[in-house]
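Asker: Sequence:
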Amino acid sequence: MRKITHLRALPGALILPALLCSSTSLFAIDALSPVERFLGSDYDPDEYSDIDLNQQKRFAPASPADSDLGDQLILKRYDSRDPLRVDLSTHLFWTDNLASASLGEQDGFIWQTRLLASWKPRIGNNLFADVTGSQNFYQYDTLSFLDFERTDLRAGLVKITPDFFDMLFFARYEYARVTAGSFSNDIYDAHRIRAGAHKVFLSQPKHTAYLAFDFAHDISTSPSRLEKNEYSAHLGYTYQISDKMRAVFYYHLSLYDYDQAGREDYNHMLGAELYWQLSHSTRLSASFTYVENDSNLPFGAADYDSVQGGIGIGFTKTF
77 MRKITHLRAL PGALILPALL CSSTSLFAID ALSPVERFLG SDYDPDEYSD IDLNQQKRFA
137 PASPADSDLG DQLILKRYDS RDPLRVDLST HLFWTDNLAS ASLGEQDGFI WQTRLLASWK
197 PRIGNNLFAD VTGSQNFYQY DTLSFLDFER TDLRAGLVKI TPDFFDMLFF ARYEYARVTA
257 GSFSNDIYDA HRIRAGAHKV FLSQPKHTAY LAFDFAHDIS TSPSRLEKNE YSAHLGYTYQ
317 ISDKMRAVFY YHLSLYDYDQ AGREDYNHML GAELYWQLSH STRLSASFTY VENDSNLPFG
377 AADYDSVQGG IGIGFTKTF
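The sequence shown begins at 77 in this note's numbering and counts up by one.
Since the hints were derived computationally from the structure, they do not count as laboratory data. Values in this document were obtained by computation on a predicted structure and should not be read as measured data. Be aware that a few hints might be false.
Cβ-Cβ distance ranges computed for the label pairs, FRET-style [said to hold, decoys possible]:
#1 K320 with G385: 33 to 43 angstroms
#2 G180 with L346: 52 to 62 angstroms
#3 Y249 with N201: 19 to 29 angstroms
#4 D242 with G376: 42 to 52 angstroms
#5 A193 with E368: 26 to 36 angstroms
#6 A362 with F277: 21 to 31 angstroms
#7 S296 with I199: 24 to 34 angstroms
#8 L160 with D370: 20 to 30 angstroms
#9 G338 with A285: 19 to 29 angstroms
Ideal Cβ placement from N, Cα and C applies to all residues, glycine included.
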């Protein structure tokens, strides 16, 4: 990282939001794509389907005994879906580049705590509403002047289309606000709209893989120099190690096209996360993430890469 004295010499209205919007701590909160975060970490396509058990036709794998026993339908009970979800989690991350700097990187720890509440009722045939709010707190062990809070609110719709390649589509409005030190010290806020599509192309008892795309447009931001369009693609794979443990591997590619100064950033994120479901409501996680940002700003001012690892615990309650 650049020396703190150099950072403080830059205009605060520019450097702090720029760091907060590109920091690896924002991108690597968990091993879930924005689409999966929108639906919830416990997303199961069957919960968002109007197909009943007889229509799902879940049969056991073929075996030599099929000629005697015939096809064996698996009778699995699906409980009704709880639309209200409250989640509290805390994570400790180590990174080799605390400030996402291009020169003089400094390593250290980031402590992140999040409280999230979401309401996702069914409002039609394979159509769901989603209203979500979250509050995040970030604390740095050595660069305490970078400590901040982030508030996110969003509202939108999720549509499952079993007859159209079994895809999921969503659209939503998002509001993000970043404060430093107190909720009254507003240093960044943004209003945007986002839309995307999600396709699970591999779904087996132990293996799941998906491909997703989304687009976001900033309606307005403060400061206005950070207004941008975002184009993202996401590829992910989940391996169910056991009933209570799963591993997630993912790659995200994002293009940030800023409205001012012709700035374009390509952001690559490659990572893995291990989840251990201790109980119905409690989980442990461990993660590893590599992030690389390639910008066209002069002198590589916004180019950086970082490695980040972390552990965390989370608690979920549904109603």
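Asker: Please name the hints from earlier in the document that this structure breaks, with their numbers sorted from lowest to highest.
Answerer: 1, 2, 8 and 9
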